[in-house]
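S.K.: Model the full structure from these sequences, guided by the hints.
Respectively, the protein sequence lines represent chains Z and U.
Every number in the working numbering is 34 more than the matching position in the first sequence, counting from 1.
Every number in the working numbering is 1 more than the matching position in the second sequence, counting from 1.
Hints in this document: simulated from the structure, not taken from any laboratory.
Heads up, some of the hints might be wrong.
To be verified - Sample of chain U residues at the chain Z side, in silico, Cβ under 7 Å: (1) R221; (2) N229; (3) G237.
The C-beta atom is built at its ideal place from N, Cα and C for all residues, glycine as well.
Here are the chains, one letter per residue:
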Amino acid sequence: MSARRDGAARENAPLPDDVVLRAVDITKTYGVTQALKGVNFEVRRGKVTVLFGENGAGKSTLMKILSGVEKPTSGHLELDGEVIALESTTHAVDRGISIIHQELNLCPNLNVRDSIFLGRELRRRGGAIDYAREGEITREVMARLEEEIAPTTLVSDLRLGQQQVVEIARALATDARILIMDEPTSALSAAEVIVLFKVIRELKAQNVAIVYISHHLEEAIEIADHAVVFRDGTLVATADAADIDLPWVVSKMVGRAAEYDFTGEPREHGDLALSIENVRVPDQDAGGRLAVNDVSLQVRAGEIVCLYGLMGAGRTELLEALAGRQPVAAGRVLLGGQDLRPLSISQRIAAGIGLVPEDRQRDGLVQLMSVGSNMSLASLRSMVRSWFVSRKKESADVGSMTGEVRVKTAGPEALITSLSGGNQQKVVIGKMLLTRPKVLLLDEPTRGIDVGAKGEIFALLFREARRGLAVLYATSEISEALTASHRVVVMSKGRVVREFDPRTTSREEVLAASGEPEPEALHIGAKE
Amino acid sequence: MSDTQAGTQAATGPRALSRRVNVNKLLVEGRALIALAIIIIGFSAMSPHFLEPDNLILMTRHVAMNAILAIGMLLVILNGGIDLSVGSTVGVTGVIAGYLLQGANIPFTDLVAYPSVWVVILISVAVGALVGYVNGLVITRLNVAPFIATLGMLYAARGIALLITNGETFTALRGEEKLGNTGFLSLLAGTPLGIPMPVWLMVVFAVVFSLLLNRTAFGRWLYATGGNERASELSGVPVRRIKVLIYVLAGFCAATVGLLLTADLPAATPRGGELYELNAIAAVVIGGAALSGGRGTIRGTIIGAFVIGFLVDGLVLVGVSVFWQQVIKGAVIVLAVAVDQIQQKLQKRREFKRAAASPPSTPAPGSDPALVGSR
Numbered sequence: 035m036s037a038r039r040d041g042a043a044r045e046n047a048p049l050p051d052d053v054v055l056r057a058v059d060i061t062k063t064y065g066v067t068q069a070l071k072g073v074n075f076e077v078r079r080g081k082v083t084v085l086f087g088e089n090g091a092g093k094s095t096l097m098k099i100l101s102g103v104e105k106p107t108s109g110h111l112e113l114d115g116e117v118i119a120l121e122s123t124t125h126a127v128d129r130g131i132s133i134i135h136q137e138l139n140l141c142p143n144l145n146v147r148d149s150i151f152l153g154r155e156l157r158r159r160g161g162a163i164d165y166a167r168e169g170e171i172t173r174e175v176m177a178r179l180e181e182e183i184a185p186t187t188l189v190s191d192l193r194l195g196q197q198q199v200v201e202i203a204r205a206l207a208t209d210a211r212i213l214i215m216d217e218p219t220s221a222l223s224a225a226e227v228i229v230l231f232k233v234i235r236e237l238k239a240q241n242v243a244i245v246y247i248s249h250h251l252e253e254a255i256e257i258a259d260h261a262v263v264f265r266d267g268t269l270v271a272t273a274d275a276a277d278i279d280l281p282w283v284v285s286k287m288v289g290r291a292a293e294y295d296f297t298g299e300p301r302e303h304g305d306l307a308l309s310i311e312n313v314r315v316p317d318q319d320a321g322g323r324l325a326v327n328d329v330s331l332q333v334r335a336g337e338i339v340c341l342y343g344l345m346g347a348g349r350t351e352l353l354e355a356l357a358g359r360q361p362v363a364a365g366r367v368l369l370g371g372q373d374l375r376p377l378s379i380s381q382r383i384a385a386g387i388g389l390v391p392e393d394r395q396r397d398g399l400v401q402l403m404s405v406g407s408n409m410s411l412a413s414l415r416s417m418v419r420s421w422f423v424s425r426k427k428e429s430a431d432v433g434s435m436t437g438e439v440r441v442k443t444a445g446p447e448a449l450i451t452s453l454s455g456g457n458q459q460k461v462v463i464g465k466m467l468l469t470r471p472k473v474l475l476l477d478e479p480t481r482g483i484d485v486g487a488k489g490e491i492f493a494l495l496f497r498e499a500r501r502g503l504a505v506l507y508a509t510s511e512i513s514e515a516l517t518a519s520h521r522v523v524v525m526s527k528g529r530v531v532r533e534f535d536p537r538t539t540s541r542e543e544v545l546a547a548s549g550e551p552e553p554e555a556l557h558i559g560a561k562e
Numbered sequence: 002m003s004d005t006q007a008g009t010q011a012a013t014g015p016r017a018l019s020r021r022v023n024v025n026k027l028l029v030e031g032r033a034l035i036a037l038a039i040i041i042i043g044f045s046a047m048s049p050h051f052l053e054p055d056n057l058i059l060m061t062r063h064v065a066m067n068a069i070l071a072i073g074m075l076l077v078i079l080n081g082g083i084d085l086s087v088g089s090t091v092g093v094t095g096v097i098a099g100y101l102l103q104g105a106n107i108p109f110t111d112l113v114a115y116p117s118v119w120v121v122i123l124i125s126v127a128v129g130a131l132v133g134y135v136n137g138l139v140i141t142r143l144n145v146a147p148f149i150a151t152l153g154m155l156y157a158a159r160g161i162a163l164l165i166t167n168g169e170t171f172t173a174l175r176g177e178e179k180l181g182n183t184g185f186l187s188l189l190a191g192t193p194l195g196i197p198m199p200v201w202l203m204v205v206f207a208v209v210f211s212l213l214l215n216r217t218a219f220g221r222w223l224y225a226t227g228g229n230e231r232a233s234e235l236s237g238v239p240v241r242r243i244k245v246l247i248y249v250l251a252g253f254c255a256a257t258v259g260l261l262l263t264a265d266l267p268a269a270t271p272r273g274g275e276l277y278e279l280n281a282i283a284a285v286v287i288g289g290a291a292l293s294g295g296r297g298t299i300r301g302t303i304i305g306a307f308v309i310g311f312l313v314d315g316l317v318l319v320g321v322s323v324f325w326q327q328v329i330k331g332a333v334i335v336l337a338v339a340v341d342q343i344q345q346k347l348q349k350r351r352e353f354k355r356a357a358a359s360p361p362s363t364p365a366p367g368s369d370p371a372l373v374g375s376r
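M.R.: Here you go:
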């Protein structure tokens, strides 16, 4: 009732009649982390509203709320001026709101047609699924997306980019009035992006409201009618497309807090720490393909090397192969002259190489355990004194590392899940540092953490580098690659394509090398 | 509930770093303790014999065997696995002990061996560990799900027990002075200081395995693998070796129970230990362990074993029909776990409320949110 009255009160302000969906004072908290801090947001009919913001700024959380995946902690949504509460995604789809998720949410064991209609199957009289009709719609949507994917192809037989096309097709098949696209192009080729943009323009002409999120800023600016910028869970700026350009977006996105620049760090590198020669790693999902193809790379002690590349470039596979998670099919991996290939993960950690994984929740943390137990997990062997883990040694090690990596915690006994993303990541990094590594591998070390913690994590890595640690990290954020590394190695489609000195390289050069679609290419596609 | 902030956020499980009593842990085990208290108070009100020392000792003797089995089961469940074969392992190891005691034919000869009692015990325990080792290998090397692998072993081990005895029961367990194989019964069915041997062994197992779980790297690794196997593996935890070892230990516990059961009856029957695995799982679950792994304690498991044991014996004592006993036992198991789930949900809701109520941490631009309040 009170929410409704709020809505009425707002009507005093002139309501632009093209607003279909409005989020009012939305907040969302996960445990102690505040993902959204009172956001007001509008979606307009026949327009593309683009959301900008760094990882963890709150964009994806807001999209999850708009599409019924999550419920807001406080605040409400208005659809056509009417207060609604979305109970589920199906509920949202019924109301005409569809989402293309950032993560692929497909069941690999289903075929394309069944994936597209999962949860809202078309029925014939009597209740049987109308496969013929479903197949027809699937073919139509695929034709629209200019993809030659048969409706009965198994999702697991598709490459990543095609799977993303299926996600897009799923949203298109709902005839949504509001279409939310959360990083729809992360796995698409340049040609596929051009087709998607053509489809978006068609949808606009049909009065569909589109919300668009992308890390590819140039691409997003190109398609935008309205721009909205998020930072740290707050909406910090809105503007019409005519008034924005890349510098404006970047300055609003990062604010002042993110301005870290480590390009001036000393470059007195020591001996060769890690040497990778002609390494090949098979693709775990698609048999026969190589995720990493003939990669050679060298990292010296005290050096921080950034692996830049798009999703699917093979960065994660390379790092996991180095850590021992995935097998190396061919080539040599030498850690200070020692061949790593026959070693298990624990033997590699003992030899001095460890990985801070990309997916913190899935691969980095034991959620049931405390901060201290998580931090000591990889180095417990060194704490054993006559059969038992020495409590004295453990709490001393954990205590000093907590200080070194600056974890903000109530104490070593606090549950790991009570920490913010940035502090959780510091625990994972601290865990690997406690093993006294010579080489530290990090996969997207700043994914999903706030701006301040990002700078801190890099400060920490550069401090360890000055002490002789060799660091190899992967990122898909161009600003990170150019400000926080001694050397940028660009990967594309499993190969190392270029190397750059971040001091003398522009964003455009790196983007071009990584195979991102050029903004010009999008223009050409649009005019067709 | 707690007076300090650290207390309210303290981790569950025994691997917290300090010795301080953990509030959440008490809550989880609390419900098993409450159930036990209700059972004791209820039955002692219904029957004056319930609390008599003789009855308590008898009941604890029954509890002890299930508790030892449940300790092994706890290790497996902490890892996120399950061992359905322990009941059959009890049977096969008991039968092997009986077979050896009454004289074992040495194959391809006419000779009969009469190994001494200690050798008998050693061989039986080794067989139990071997059964677990096979389970562990099938699970880790052949990637068979624990449920399936141990279900297969449940049948196979029972079959072997039947093959050894040809379906019969060995009763000549006393041994003979001149053969030097006496003492099995007096050792395992004895009552040193008036306390039955199974109870002594339960105490020893509880202490040893508590130390193992709470103080050794193995224990920490076991909790970690159950909590998140992928993260543990990337942290260098020897995930496979741990998995094999816990099934070996579960088999070892089962063999111990096999020996105790044989001495207790006193007879080695191929049907010994049937359905024991279910009682063991029930004890572990009532004791607060999560079947998904990573959560559970020895103390909780022992309390769970007491709940099951006292409940069953109490129902017999007050004369509830055998059929109703089954219904009540089933209801108690489900109820205990349901209460646990509700409790966890409430606790989570409390945490969320607290988080929502806390003032938003909006740092000034340029300041460092992660540094606020760090030491």
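S.K.: Each of the hints needs a verdict: does it hold here or not?
M.R.: Against the structure, the hints:
1. Hint status for R221/U relative to chain Z: holds, with the closest Cβ pair at about 6 Å, below 7 Å.
2. Because the smallest distance between the Cβ of N229/U and any Cβ of chain Z comes to about 4 Å, under 7 Å, the interface hint for this residue holds.
3. Because the beta carbon of G237/U sits about 4 Å from the nearest beta carbon in chain Z, less than 7 Å, this interface hint is met.
Checked against the numbered hints given earlier, this structure breaks none of them.
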